[in-house]
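Q: Chain residues, written in single-letter form:
4 protein chains.
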Amino acid sequence: MFSTEIQIRVRYAETDQMGYVYYGNYATYFEVARVESLRNLGMSYKALEESGIMLPVLEYKCKYLKPAKYDDLLRIKVVIKSIPTVRIYFEYEVYNDANELLSVADTTLVFINAKTMRPCAAPALFLSSLEKYFKHNQ
Amino acid sequence: MFSTEIQIRVRYAETDQMGYVYYGNYATYFEVARVESLRNLGMSYKALEESGIMLPVLEYKCKYLKPAKYDDLLRIKVVIKSIPTVRIYFEYEVYNDANELLSVADTTLVFINAKTMRPCAAPALFLSSLEKYFKHNQ
Amino acid sequence: MFSTEIQIRVRYAETDQMGYVYYGNYATYFEVARVESLRNLGMSYKALEESGIMLPVLEYKCKYLKPAKYDDLLRIKVVIKSIPTVRIYFEYEVYNDANELLSVADTTLVFINAKTMRPCAAPALFLSSLEKYFKHNQ
Amino acid sequence: MFSTEIQIRVRYAETDQMGYVYYGNYATYFEVARVESLRNLGMSYKALEESGIMLPVLEYKCKYLKPAKYDDLLRIKVVIKSIPTVRIYFEYEVYNDANELLSVADTTLVFINAKTMRPCAAPALFLSSLEKYFKHNQ
Chain A
1 MFSTEIQIRV RYAETDQMGY VYYGNYATYF EVARVESLRN LGMSYKALEE SGIMLPVLEY
61 KCKYLKPAKY DDLLRIKVVI KSIPTVRIYF EYEVYNDANE LLSVADTTLV FINAKTMRPC
121 AAPALFLSSL EKYFKHNQ
Chain B
1001 MFSTEIQIRV RYAETDQMGY VYYGNYATYF EVARVESLRN LGMSYKALEE SGIMLPVLEY
1061 KCKYLKPAKY DDLLRIKVVI KSIPTVRIYF EYEVYNDANE LLSVADTTLV FINAKTMRPC
1121 AAPALFLSSL EKYFKHNQ
Chain C
2001 MFSTEIQIRV RYAETDQMGY VYYGNYATYF EVARVESLRN LGMSYKALEE SGIMLPVLEY
2061 KCKYLKPAKY DDLLRIKVVI KSIPTVRIYF EYEVYNDANE LLSVADTTLV FINAKTMRPC
2121 AAPALFLSSL EKYFKHNQ
Chain D
3001 MFSTEIQIRV RYAETDQMGY VYYGNYATYF EVARVESLRN LGMSYKALEE SGIMLPVLEY
3061 KCKYLKPAKY DDLLRIKVVI KSIPTVRIYF EYEVYNDANE LLSVADTTLV FINAKTMRPC
3121 AAPALFLSSL EKYFKHNQ
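Chains as they are written, first to last, in the working numbering: chain A, 1 to 138; chain B, 1001 to 1138; chain C, 2001 to 2138; chain D, 3001 to 3138.
Next comes chain A alone, as it looks inside the complex (with noise of 0.2 Å):
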């Protein structure tokens, strides 16, 4: 299992009149948290896509348990419980600054060649970036 921590800052424009954040703003919360949990295993979004690699997401769920407010500091919890095939699937969890649960979400997303437009397996240096975090049980 593979699991890191992100932090965001909502912003202003993130937020409603409701005086919370906008239940679609948490997608992007999302992007972001996957993005830079790719990076701290040392791999690029960016670099995959510009190797041909599309990363689409096929399904979102989102629970919303309390609302995420102006200026929080949330942290983000990634975690990755299976190794990728052609599809990978992500779990989130949000926190504001007191440690609250605010929302748990999950995304599964299918990697794609972008020259023939059909998924794709996983690429070789993504698994073997991910491959130490799933041994500790053999």
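By construction, these hints were calculated from the structure, which means they are not laboratory data.
Nothing false has been slipped in among the hints.
Which stretches of chain D does chain A cover? Using the computed rule of at least three CB atoms under 8 Å from a CB of chain A, they are:
| no. | region |
| --- | --- |
| 1 | 3004-3015 |
| 2 | 3025-3033 |
| 3 | 3040-3047 |
Calculated pairs, BS3-like style, for lysine-lysine (alpha carbon to alpha carbon, straight line, at most 27 Å):
| no. | chain 1 | residue 1 | chain 2 | residue 2 |
| --- | --- | --- | --- | --- |
| 4 | C | Lys2063 | C | Lys2077 |
| 5 | B | Lys1063 | A | Lys46 |
| 6 | A | Lys77 | A | Lys66 |
| 7 | B | Lys1077 | B | Lys1061 |
| 8 | D | Lys3063 | C | Lys2081 |
| 9 | C | Lys2066 | B | Lys1046 |
| 10 | D | Lys3061 | C | Lys2063 |
| 11 | A | Lys81 | A | Lys135 |
| 12 | B | Lys1066 | B | Lys1077 |
| 13 | B | Lys1132 | B | Lys1081 |
| 14 | C | Lys2115 | D | Lys3063 |
| 15 | D | Lys3081 | D | Lys3066 |
| 16 | B | Lys1061 | B | Lys1081 |
| 17 | C | Lys2046 | B | Lys1069 |
| 18 | C | Lys2132 | C | Lys2077 |
| 19 | A | Lys69 | C | Lys2066 |
| 20 | D | Lys3046 | C | Lys2066 |
| 21 | D | Lys3066 | C | Lys2061 |
| 22 | D | Lys3077 | D | Lys3061 |
| 23 | D | Lys3077 | C | Lys2063 |
| 24 | B | Lys1061 | A | Lys61 |
| 25 | C | Lys2077 | B | Lys1046 |
| 26 | B | Lys1069 | D | Lys3066 |
| 27 | C | Lys2081 | C | Lys2135 |
| 28 | B | Lys1066 | C | Lys2046 |
Have a look at the derived ranges for each label pair, beta carbon to beta carbon:
| no. | chain 1 | residue 1 | chain 2 | residue 2 | range |
| --- | --- | --- | --- | --- | --- |
| 29 | B | Thr1085 | D | Ala3124 | 45 to 53 Å |
| 30 | A | Ser82 | D | Ala3098 | 37 to 45 Å |
| 31 | B | Gln1007 | D | Asn3040 | 42 to 50 Å |
| 32 | C | Lys2081 | D | Arg3087 | 27 to 35 Å |
| 33 | D | Gly3019 | C | Ser2044 | 14 to 22 Å |
| 34 | B | Lys1135 | A | Arg39 | 50 to 58 Å |
| 35 | B | Tyr1089 | A | Thr108 | 17 to 25 Å |
| 36 | D | Asn3040 | A | Thr108 | 37 to 45 Å |
| 37 | B | Leu1073 | D | Val3086 | 41 to 49 Å |
| 38 | D | Pro3123 | A | Gln7 | 23 to 31 Å |
Think of the CB as a built atom: it goes at the ideal place given N, C-alpha and C, for glycine as much as any other residue.
Starting from the known structure of chain A, arrange chains B, C and D on it as the hints suggest.
A: This is chains B, C and D only, laid out in the frame that chain A set:
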């Protein structure tokens, strides 16, 4: 069952560099779809909020089957399958101009009394507007 | 001079915790206003881009006089005062339902040949669509 | 004169199908730049708002010289050239990793008393935080 359809034109701002609508922007489309559904029922979400009732989203799920693209005139089918209680549940289907199903989604929202910040029953006006759509099986 | 009007309903996503439309979201309204203006002239911005011409924004100015609010049905007046050359200049006025002037803005865009990535003249079709609006003073 | 710099990483959500940061998203970057500038001065925009003072934008101008791209780590230089009165004026320059100047912008904001909804003087704390940066010419 109550069902209606609304149309939304994809904005340039809503695309990303993959050339598709960014996965996070569908949540806004579903907000518009909900609000226009209520307007078709003779209700105003704005008036609901001004009357002291908020309707935040508790849960959101979306499956992305095919991408929506810039300038697509999307058709969004909205369905309310059961009489709301403290919660209201919406289902959505998004189609493009070629009538391809692009995504399916659902949201659970909760009626909140803005003074007490506690869940409350759906307003009587709300229920009476929906009533006739749920009588056909009697 | 070419002048037209379009309508945009303010979305909840576009408000911020001040209860107003976030100042950054007007740029999207002006994008929609430009694109719908062109459509009223019989032109498609999408087709323009597909023909290999991009139209990025070079300069944008906006004065915020009064706030736009949630669910307002905004009326945006768009004016093209001069025949475009390599650049095209749009002016905008935003009014609410009560006919109050909320903001005034302008944008300068440049026609770019997507192959060479260099500025180019406005396409002939574009100019011929606009032509008749600039002949009345002859 | 007060001057500071902040960094912002471009999100995928902020790009458009041209492959650039959408022109409307810079306004959010400048909001973050303003807020982090104030934080560097020991002030919290959130606390300002909670104390009953709002700071809406009156005027915004942006020139787009070169495009910002996905995953760019932007460096935003923020300058306050004069002691604020009822209004405060910020200037911005955006640079990419290669130290290219991408855009220049400025905003005028006004201090508003949230109770009366009328303009008011900049708070004393605000002025005293800025004071020392404007004494070097004595």
